[in-house]
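Student: Sequence lines, in order, name chains L and H.
My numbering puts the first sequence at residues 389 to 561.
My numbering puts the second sequence at residues 4 to 365.
Be careful, since some hints might not be right.
[Unchecked claim] Counterexamples of contact, computed for chain L against chain H with all Cβ distances above 10 Å:
# : residue
1 : Leu455
2 : Phe490
3 : Pro505
[What the hints assert, rightly or not] Computed, partial: chain L to chain H, Cβ under 10 Å:
#  : residue
4  : Ala446
5  : Gln450
6  : Glu457
7  : Val458
8  : Cys464
9  : Pro466
10 : Val473
11 : Gly525
12 : Ala527
[Claimed, not checked] DEER-style ranges, computed between Cβ atoms:
#  : chain 1 : residue 1 : chain 2 : residue 2 : range
13 : L       : Ile453    : H       : Pro317    : 55 to 61 Å
14 : H       : Gly305    : L       : Ile453    : 41 to 47 Å
15 : L       : Trp471    : H       : Phe303    : 30 to 36 Å
Derived from the structure by calculation, the hints contain no laboratory data.
From the three backbone atoms N, C-alpha and C, an ideal C-beta is built for every residue, glycine too.
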Amino acid sequence: MALERSTFLVLALPGIVIALALVFFSERYIPRLYQHGPLLIVAYAILFFPLALVAVRASVAQAPIGLEEVARALGCKPWTVLWRVTFPLVAPGLAAAFCLVFLSAVTELTSTLILIPTGAQTLATQFWTYTTGQSFGAAAPYAGLMVVIAVIPSYLLGRWFNRLPAKATPTPL
Amino acid sequence: MTRLAATDLHKAFGHQSVLTGIDLDVPEGSLTAILGPSGSGKTTLLRVLAGFERADRGVVTLGDRVVEDGRHYLPPEERGIGYVPQEGALFPHLTVEKNIGFGLSRHQRGDGRIARLADMVGLAGLGERYPHQLSGGQQQRVALARALAIEPEVILLDEPFSSLDAGLRASVRADVQSVLRQAGTTALLVTHDQDEALSMADFVAVIRGGRIGQTGTPQELYEHPVDPAMAEFLGDANLINGSVEADQASTPLGTLVLRSGSARVAGPTPAVVMVRPEQVDVWPGRSGHGFAARVVDSQFHGHDTVIRVMLDAPGIDAIVARIDGGAALAPGTEVTVTVRGPVLAWPDEASTRDLTLSEPRG
Chain L
389 MALERSTFLV
399 LALPGIVIAL
409 ALVFFSERYI
419 PRLYQHGPLL
429 IVAYAILFFP
439 LALVAVRASV
449 AQAPIGLEEV
459 ARALGCKPWT
469 VLWRVTFPLV
479 APGLAAAFCL
489 VFLSAVTELT
499 STLILIPTGA
509 QTLATQFWTY
519 TTGQSFGAAA
529 PYAGLMVVIA
539 VIPSYLLGRW
549 FNRLPAKATP
559 TPL
Chain H
4 MTRLAATDLH
14 KAFGHQSVLT
24 GIDLDVPEGS
34 LTAILGPSGS
44 GKTTLLRVLA
54 GFERADRGVV
64 TLGDRVVEDG
74 RHYLPPEERG
84 IGYVPQEGAL
94 FPHLTVEKNI
104 GFGLSRHQRG
114 DGRIARLADM
124 VGLAGLGERY
134 PHQLSGGQQQ
144 RVALARALAI
154 EPEVILLDEP
164 FSSLDAGLRA
174 SVRADVQSVL
184 RQAGTTALLV
194 THDQDEALSM
204 ADFVAVIRGG
214 RIGQTGTPQE
224 LYEHPVDPAM
234 AEFLGDANLI
244 NGSVEADQAS
254 TPLGTLVLRS
264 GSARVAGPTP
274 AVVMVRPEQV
284 DVWPGRSGHG
294 FAARVVDSQF
304 HGHDTVIRVM
314 LDAPGIDAIV
324 ARIDGGAALA
334 PGTEVTVTVR
344 GPVLAWPDEA
354 STRDLTLSEP
364 RG
């Protein structure tokens with residue numbers, strides 16, 4: 389519970405705070421890691437964990453322990469229960485979490501600028517580089533691509549969230 | 004023949020003892036009810052029988068197999084026990100048909116069994132629906148069909164009607180009872196509702212304080228409760244202090260004949276006497292042949308009327324009477340009270356008030 393609450397604290401922190409904290413940490417203790425891919429991934433994990441948690445949590449609530457017990461009583465081994473009951477119920481939440489995090493990670497800028505390995509670029513940093521140099525024309529394709537990439541998970545998320553209330557409406561008999 | 008039996012079952016959660024020596028026999032083909040107040044350990048017992056919890060001590064046998072004896076333990080999926088939980092717990096991502104067929108092999112699913120089961124529980128034609136499209140009663144029927152589909156040795160029902168509203172409960176109860184009879188399955192029903200246990204079951208085992216307090220047919224339990232607390236738990240009872248001698252009890256309501264099976268003592272002995280409300284007759288006005296009393300209050304239920312009266316004579320609490328039909332009487336109305344039929348008495352029983360089936364503390 390405390391762990392769960394503490395992850396939400398991260399949402400209140402600007403990305404730059406977390407990035408600078410990681411810079412300090414890696415410089416001091418593991419200099420080899422500074423400006424290397426793994427550290428950026430750690431930053432993303434810290435930044436987007438709360439997002440994933442919210443989505444997954446809601447779906448885990450869809451798979452109460454009682455359902456798993458019923459499945460056991462009906463003759464399923466524990467791993468079969470996982471496959472036939474737990475996974476199908478949790479899957480939409482996992483997918484939603486994936487979409488949310490993907491969407492955020494693709495467009496994340498501040499931490500990425502600070503932590504990205506030398507020479508590497510993401511769409512967002514490339515776009516940033518060009519706009520700071522006033523090369524709006526050159527920046528445009530990156531912005532366009534980001535929009536296109538963002539549209540797919542947004543569309544899927546939208547469909548998923550729309551599906552829920554529709555499913556919850558009981559059909560009169 | 005016994006289908007399901009538990010011997011000396013013990014179970015504790017931390018320092019909290021929940022089951023303290025359960026002995027239970029569920030005869031083949033019967034519908035047996037475990038009746039107990041909340042917190043009495045009845046759900047824990049069911050979970051141990053199903054294999055969801057391990058017993059600390061004791062033996063569970065299912066047919067001729069020992070499924071738990073402290074050392075050996077058969078997991079729930081190998082017991083072949085049908086389980087109907089409180090809220091039905093249907094798989095929300097599967098249709099009615101797939102819910103019913105969940106425990107069946109691919110081959111079994113093809114043989115028309117699912118349609119027969121759906122038909123049996125009165126849900127023919129709803130196979131393509133999802134659980135959220137069903138009413139509470141329908142969901143319970145699907146849960147029952149799903150449990151019956153695997154042709155279990157025993158089916159366990161954990162307060163299956165408690166989530167239904169009162170009007171629906173009676174009809175779903177009756178349906179479930181007839182489906183279980185039709186299927187000939189041995190069933191064990193856990194409930195806190197005396198009415199449900201007495202009206203549905205062939206045998207009732209009352210659980211209190213982690214043990215079985217009394218077992219018998221509903222009629223045996225109602226007519227011969229082992230002690231005053233049991234009497235109060237199984238229906239309404241007037242518990243009156245009096246004294247017994249041979250086959251008679253002297254009470255403020257006159258000298259009453261003891262029921263056969265009631266404990267007999269030779270000399271006069273203080274006793275608690277049970278008079279069921281339906282044994283009490285209330286006559287309007289004052290007449291010579293009964294006991295003068297006044298109405299305290301009355302509730303009109305249509306099919307009967309429950310009247311509380313206070314005797315003019317001292318030394319007795321208000322008496323509850325249940326009169327067929329009848330009409331509500333205004334408080335203060337003068338009436339005459341008589342008792343009909345033999346009564347049950349417990350000689351030397353301590354004051355009834357400290358013997359209630361209280362819920363465990365902590």
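Student: Work down the list of hints and note, for each, if the structure agrees.
Tutor: Do the hints match the structure? See the list:
no. : hint                              : result
1   : Leu455                            : violated (5 Å)
2   : Phe490                            : holds (24 Å)
3   : Pro505                            : holds (43 Å)
4   : Ala446                            : violated (14 Å)
5   : Gln450                            : holds (7 Å)
6   : Glu457                            : holds (5 Å)
7   : Val458                            : holds (5 Å)
8   : Cys464                            : holds (6 Å)
9   : Pro466                            : holds (8 Å)
10  : Val473                            : holds (6 Å)
11  : Gly525                            : violated (49 Å)
12  : Ala527                            : violated (45 Å)
13  : Ile453(L) x Pro317(H): 55 to 61 Å : holds (57 Å)
14  : Gly305(H) x Ile453(L): 41 to 47 Å : holds (43 Å)
15  : Trp471(L) x Phe303(H): 30 to 36 Å : violated (58 Å)
When held up to the earlier numbered hints, the structure conflicts with 1, 4, 11, 12 and 15 and fits the remainder.
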